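**Q** The lines below spell out each chain.
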Amino acid sequence: MTPRWIIPCLVLFAAAPRAAEPNPDALERLLEEKVVSSASQAAETLADAPATVTVVGRTELWALGIRSIDEAVNFFSVGLFSQNGLASPETGSRGVLLSADFGNHVLVLVDGHTMNEAWDGTAYVGPGLGIPLEAIDHLELITGPGSVLYGSYAMLGVVNVVTRAGRELRAVTATASGALNPPLDEHGAPGLRLSGLGRAGRVSVTWGDGFELGSLPVDVLASLELLRHHGQDLDWRPQPGFTDTDGTASWPTNFGPNATPGTWGGRVSRSWYTEETAGLLRVRVGDLEAMVHAAMYRRGAPYFGNLTIASAFDAPESHEQDLWLDLDLRWRKALSPRAALSLRGYLDAYEYSNQARSWSWSTDGDPALTPAGVNLASFGFDDAYRAPVRWGGAEAQARVDWLGDGRFELLAGVDARLSEYSSHRRLTDLDGHLLGAYQQYQHSGWSVAPYVQQRALLGHGVSLNLGLRLDLHDAFAPQPSPRAALIWATPWNGRLRAVATTAFRVPTGYERFDSNSSWLISNPGLRPERVASVELAYEQRLGRHAIALVGFASQFRDLIRFGPAPLDLAPDGRQWYANSSELFSYGASLRVDGPLGPLRYVATVTASSTSQSDAPVVMSPAWFGNARLLWSPGEARWSLALASFFMSARPVDQAFATGADASGDSISWAGGTTAPAQVDLRAVVTGPLPGPKGLTVRLTAGGSVNAWGPYVVGPLLAPTEAGQVPQLTPMPDRLFVHAAMAWTLELAPARGSTPP
Amino acid sequence: MAWRWGRVWAMALGIAVATREAAADEAWVPAALQVELLDKLVPYDRNFAARAHANPMVLVAYRDRDAGSEHAARQLAAALAGRRTLGDLPCEAKVVGFTSAEALRAEATKERAGVALLAPGIESSAAEVARVFTGWNGLTVSASGLGVDEGFTVGFVLEQGRPRIRVNVAQSRRQNVDFRSELLRIVRVTP
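Each protein sequence line maps, in turn, to chains A and B.
One gets this note's numbering by counting positions in the first sequence from 1 and adding 364 to each.
One gets this note's numbering by counting positions in the second sequence from 1 and adding 4 to each.
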């Protein structure tokens, strides 16, 4: 017979809570959560961020053979894309790319330090960024406006490069890599010859460590890299019939000793190259952190076009160069359990310079003679342009956690900055004799920007983020940048996010003040550009899979575009930068990701429709995206990745340029104004090499399915007679192989095995 | 005059670096995510259920007189209070100031704590905590992820924008924490 006391015990036992069983799926799903700090300047999970953010970790960059940030944008991001016109890559967002802006619509940060220089707002996402990949912990790619905390330039997006903690590395890493590209003929097809191969080599050394200095924690990261690239031979279709005139006589244009007079085109073998040398040092001691960054980025482009400086054909003397020196010092202190203060000072020096090697004719004899009777002598000269820039400032920031538990946090700050830049031109002959020199302009200015952000966890999974920044400039009207975001974590593992925000970009010194006697006049009265954007996003987790859908709409106003100046200001037909355009863009992005057995897949696609008030939209794809499959069985084992990036056909940059025929009637291109759909593919294998401990190798092979990019090259940027079609840039990585080797020497005893 | 200003700047710099408090906004796994991770982690300890019934308290410790550390501790405690369970078993949280490992262990014993969650700022005492807590029954968890090599049993660290779990297996065993092998395949293990 069952004792009576058993039954109550059984009842109590049944009612007592039971410990949970291990749930590997749930734990691994949590370990796949991403934590970002750029969207709110505070650590928060990706799902709680008031923006669309893509996080790309260092090992992902390595696993996909990524060589620069623009590749990371294309192969990883949701809604951002990059295009490479054989010069510096350009970045667009949600179907909008404003070509020839030199990167001044995307804000680039390194550990929160603005890299966009103060003269033309340029920041590079290609090799010109000058941050060794080995120094990177992860990238945070924000799609959409970001001025609420960062001010100017963040109209299309924000790229924040977060560097590694030295104590996490505790090693010295040396990397060497090289790439080969076959030459391309005038049809954009790879050639089967060893001569004319494009080649690139890169070496880098990174040291990171953490230790105690007395009782103070010290964290150090130092990284250096050297990159040298020589582009493959490119064959350009001849563009004949160019002439120069002095008003009374005309003769074939002199494109230099590597071209037939009057004809631009042929084989380029010397003028496409890149040299980059950069270093980064970051030291944290207690509450103080200092960063020093220096970089040199020099390149020659193999063509004359909208993105490159005018030059003789295949002249390696023509080049552009950027020099950077950035200093950042910051101090953080918790004043109380509810309040913290940080102070930051920064000083940056930058110089842009270019040299265009050009050729012309010197004449002697009677100028009234016909060209056949004039003795022409070819002479070359260098037109050098230099713009030194300095800026510096201080930022103070306070954080107040009203309740002390992280639910209601206020961030308030002010950023004050001074800047100074000038522009100089110098003409010399080939012997270096000065033909002329002058300073075009010099300008200094200031800006002060207070900002505030309040985050609130309201309960029931609802959070609110309200922010406002007001940028005051010496030369422009105050620019407010508000943001409101509402996020709801649903009880069924979903997330709904609604965001409304604005951003702006101040006109640059180059756009306002630059001028020359041949094609440009200044326009000091330019107004800031503005964008207002809304987005509605929903993400649903289904076990370890996730699907996210983002709808967006953006209205751009007062866009600064390059075009014909009013005749009363420029009767000679020169052009200028003017607030001339409005643009509206709307669409949606979709992202899916998850495991497929031992594989991991991610796929994204963005579709958008873009319309512009004053002219058809160029360069902006109607849809684009990426997809990748990764097999990575664990650290210290070989892994394989297959990745692709794709973009729809889109109008080329000069698609709607018009010319005039002999009778003065307007003519358009006869065709060839659409760059074909782009599909880039790559396969990457990486793994440990037998032999010395810490040796890893990576092999990448890839290419573009399409032959042509969206940039028009050569002096024929508009049709001069009926039936002409533009010449386009070939895809720079039409076909390539890349090999990299990394050796890591640990400074501390091994920390044990790591998860995949 | 110049040398006097030089001394002023040197003193200011010295004050700026002389502290070792938890950085106000140093990157760490957000409190709510840490608590979720802890909730999914504890069932992997074979001794968790028995310990939790007897010792349901989670002590959240901060470095005494370190405002940043205390702020982090209160965020962790608030996240725990929002959950009320760990591994499906009831738990309570109490915030205490850390003055020494001995004092913390005494508090843990008095409060019947099975988990000591250590806010950023206590990492430099990891070895001392490991020595004192040897033989104790429970987890010592580093919220900054630091100090696991030196003696905390578990730590949550941010790497490449993702949370990672570090486990000191040897110290865990000394504290009667017996993790299942399937956990050790997905965390970073310190032997």
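Don't read these hints as lab results, they were simulated from the structure.
One should not assume that every hint holds.
Claimed, not checked - In silico DSSO-like cross-links for lysine-lysine, where the CA-CA straight-line distance does not exceed 30 Å: (1) B:Lys-114 to B:Lys-98; (2) A:Lys-697 to B:Lys-98; (3) B:Lys-114 to A:Lys-398; (4) A:Lys-697 to A:Lys-398.
Claimed, not checked - Here chain A is said to cover these stretches of chain B; the calculated rule only asks that three of the stretch's residues, wherever they fall, bring their Cβ under 8 Å from a Cβ of chain A: (5) 81–91; (6) 133–146; (7) 157–164; (8) 175–187.
On a predicted model such as this, the values are computed, not experimentally measured, just so you know.
Where is the CB? At the ideal position from N, CA and C, for every residue including glycine.
**Q** Do the alpha carbons of Lys-114 (chain B) and Lys-398 (chain A) lie within 30 Å of each other, as the hint requires?
**A** The hint is violated at about 38 Å.
**Q** Can the stretch 175–187 of chain B be counted as covered by chain A under the rule of three residues or more with Cβ-Cβ separation shorter than 8 Å?
**A** holds (count 3)
**Q** Quick one: see if chain A covers the stretch 81–91 of chain B, three-plus residues with Cβ-Cβ under 8 Å.
**A** n = 5 at 8 Å, threshold three: holds.
**Q** Between Lys-697 (chain A) and Lys-398 (chain A), does the CA-CA distance stay at or below 30 Å?
**A** holds, 26 Å
**Q** Does Lys-98 (chain B) lie within 30 Å of Lys-697 (chain A) when you go C-alpha to C-alpha?
**A** Roughly 25 Å separates the two Cα atoms, so the pair holds.
**Q** Taking 8 Å as the C-beta cutoff, is the stated coverage of the stretch 133–146 of chain B by chain A satisfied by three or more residues?
**A** Since three or more residues must qualify, the claim that chain A covers the stretch 133–146 of chain B is violated, with 0 doing so at under 8 Å.
**Q** With a Cβ-Cβ cutoff of 8 Å, does the stretch 157–164 of chain B contain at least three residues near chain A?
**A** holds (count 4)
**Q** Between Lys-114 (chain B) and Lys-98 (chain B), is the straight-line Cα distance small enough, at 30 Å or below?
**A** Holds, at roughly 12 Å.
The structure is inconsistent with the numbered hints 3, 6, although it conforms to all the rest.
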